[in-house]
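These protein sequence lines are chains A and B, in that order.
Letter by letter, the first sequence follows residues 368 to 777 of my numbering.
Letter by letter, the second sequence follows residues 12 to 223 of my numbering.
Think of the hints as simulated: they come from the structure by calculation, not from any bench.
Note that this is a predicted model, so its numbers are computed, not measured.
Heads up, the beta-carbon is just placed ideally off N, CA and C, and yes, glycines get one too.
Treat the hints with caution; some may be incorrect.
Just a few of them, taken from the derived set where beta-carbon distance is under 10 Å, the chain B residues facing chain A [as the list claims (entries may be wrong)]:
#1 117
#2 145
#3 151
#4 162
#5 165
#6 172
#7 194
#8 206
#9 208
#10 210
#11 215
#12 216
#13 217
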Amino acid sequence: MRRKGGKKARHTLQRGRVVSATDGEQKRVRRVQMFVDPFDVNPLGGVQPSELRAAAFSPQQPAAPELDAPEFNIAFESVTSALATRSANVLAANDPKLRAVFIITDRPRDLGEAVGAEPELFLNNGSRRLVGNIWIAGPSMSSGYYLELLGESSADLQQALVSRGLGDKAAFVFDPTATVPELRYYPRGVDDADTVHRFSFAASSFSLEALDEIMSEFYDDSLKTPEAGGTEFTPWAKSSAYIPRKRTEVFIQGWLRSILKARLRNCEIHAEIPTDEGRADLLIVSKSASLNSWIYHAVLELKVLRSVTSTKSAVPPGEREQAVCEGILQAIAYQKKLAPSVAMLCCYDMTKPEHCIGDACFAPVLRKAKAWHVQLRHYRIFGSSKDLRNAQYGDDSTPKSRPRKHKKRL
Amino acid sequence: MRETREQLSDRLRLLLLLDACEAAGVAPIALARLHAMLFFASVLAPIWSVTSIDGKVLKDSDGPFYPDLQRELDRLVGLGYVIVRDVSYVRESNRWRLNASYALNTATTGDIFAVARSFETERRLIAFLRRLAYAISQSEGAIESFVGSDATWSDVRTGTGDIIDFAEWRRANYSAYVAHSFNDFAPTTTGATRGEMLQLYLRLLERRANAS
């Protein structure tokens, strides 16, 4: 997904040195070599340089989904963006407290025409009331088809979908009547109402407390146990054996980005931005339109601790400790370079119960973290609900006592 | 009549483009818009590390038009893979032109996509064309009206009636260069995703088209 320059920089950091691996000039040279003749005096063609900056910093409503992502994440971001854009419209104050259903398909025309739905050209610009309707749209949600959703009870909703042959279609259901507005995803349709994934839809402004709340909810709803995520969202390849899926960091990062984007609506979430000192896993920023620049709110460095890799190779304890030590160095490097309000090292702990040492995984880096004001967060991901119960109530619960002694001190 | 490999390849690309239009909710797609999408798919393909559909195009005052691809599109209609709607004739610069809207016949093309998805190259092309269509579907204004604002098309060094060769014999893809230049304005001035490059480039074209 990303460029080679970032990878090189990461290796440089892993050796513990902070050096300048790439710069703007090198990138420009590479760009010229890729697309235009090196002797071309005007590689921008008919475009003026000033137009680029203006376009890059122009505000965009609705917020565009990240397109360099799986189609499901695009769909999720489009649905949340359409709902957020509508809620920002003054007319939304008059919207009734009714549910809305979104059926996202790559054949919206076929499905919409088959069930006799009405076409709607403006679906995501905030002008259209979304609640009280069943929407059929593509992942970008710019236009679609709709059917009126009669009745207020969940039975009415289920009946409305089943009677039209839509009961087995994957569906998002927005429920503004809940104490905290929420979005539910039924991957097998409402026919299988027990398989459901819940997302909070409460808007937040950026603060450390809000960030912690969103990250904790994401952990509880999607990661804590295999049941929490359901089959669509599991970070596991085989949870019972504590074998994580391939590229677990990318999976967690992608979902966290989508969730943060849905909740922190005044911010932009950038993922895996290469910096001179390595890679920031998630960057929370907002545009300073008057200055044509960025305000850096937070940098999150994500690390996954494993007992085995996705290819079932055992991971020695020293490697997990090394991952934490590298993580803190990266978080410090980003903080020095970008000066965000918050720098955070988040460890997603997918180790087997016998390898899990809880918060003690941060013992080797506590001093450094305190000195550089890096926040440390540990999220324990259990391979089964039984292990969660054992950890909470059983004899083999996660040790919460003294951290073990570490030879390596930073 | 025996089809050449190029003809079959063109047909597959057209079907994949129409698949992207269906997924983005912009189908059926009018003729001029379809050729504009083919143009943008060609100039922006390098952003997604995909080979351009065509490395050259005639700079015509009516916008881009790919005669070879149009011929194959007509054949796809005849073969029952593409549905044609709203057929009409429009008069343009003292000549008549056939106008129509095209959509995928999803009832007959399912097997073709199943086979196409089994190849890595086609999967990448599908991913790119769908994301381009998603980005286009979110733009305000018709995509064919953006062509005149495109960096490659609007370069004054190529006159109307000449061939714009941006990737056939020359390296002069200014559109991809400009899209890639958005890296310079991303946070930390170091990186924009491929998706951000597509979206920012189309936003630039939208602004330019609205200003002209």
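Cross-check of the supplied hints:
At its closest, the beta carbon of residue 117/B sits 5 Å from a beta carbon of chain A; the interface hint therefore holds under the 10 Å criterion. Checking residue 145/B against chain A: minimum C-beta separation of about 4 Å stays under 10 Å; hint holds. At about 9 Å, the closest approach between the beta carbon of residue 151/B and any beta carbon in chain A falls short of 10 Å, and the interface hint on this residue holds. Taking 10 Å as the C-beta contact cut-off toward chain A, the hint placing residue 162/B at the interface holds, the least distance being around 4 Å.
The interface hint given for residue 165/B holds, since its Cβ lies 3 Å from the closest Cβ of chain A, which is under the 10 Å cut-off. Interface hint at residue 172/B: violated, since its Cβ lies 17 Å from the closest Cβ of chain A, which is beyond the 10 Å cut-off. Among the interface hints, the one on residue 194/B holds; its C-beta lies about 6 Å from the nearest C-beta in chain A, closer than the 10 Å criterion. Evaluation of the residue 206/B hint against chain A yields a held restraint, the C-beta minimum of about 3 Å falling below 10 Å.
Look at residue 208/B: its Cβ gets to within about 9 Å of chain A, closer than 10 Å, so that hint holds up. For residue 210/B, the interface hint holds, since its Cβ comes within 10 Å of a Cβ in chain A; the closest pair sits about 5 Å apart. Checking residue 215/B against chain A: minimum C-beta separation of about 4 Å stays under 10 Å; hint holds. Hint status for residue 216/B relative to chain A: holds, with the closest Cβ pair at about 9 Å, below 10 Å.
At its closest, the beta carbon of residue 217/B sits 9 Å from a beta carbon of chain A; the interface hint therefore holds under the 10 Å criterion.
Hint compliance for this structure: hint 6 is the single one not met.
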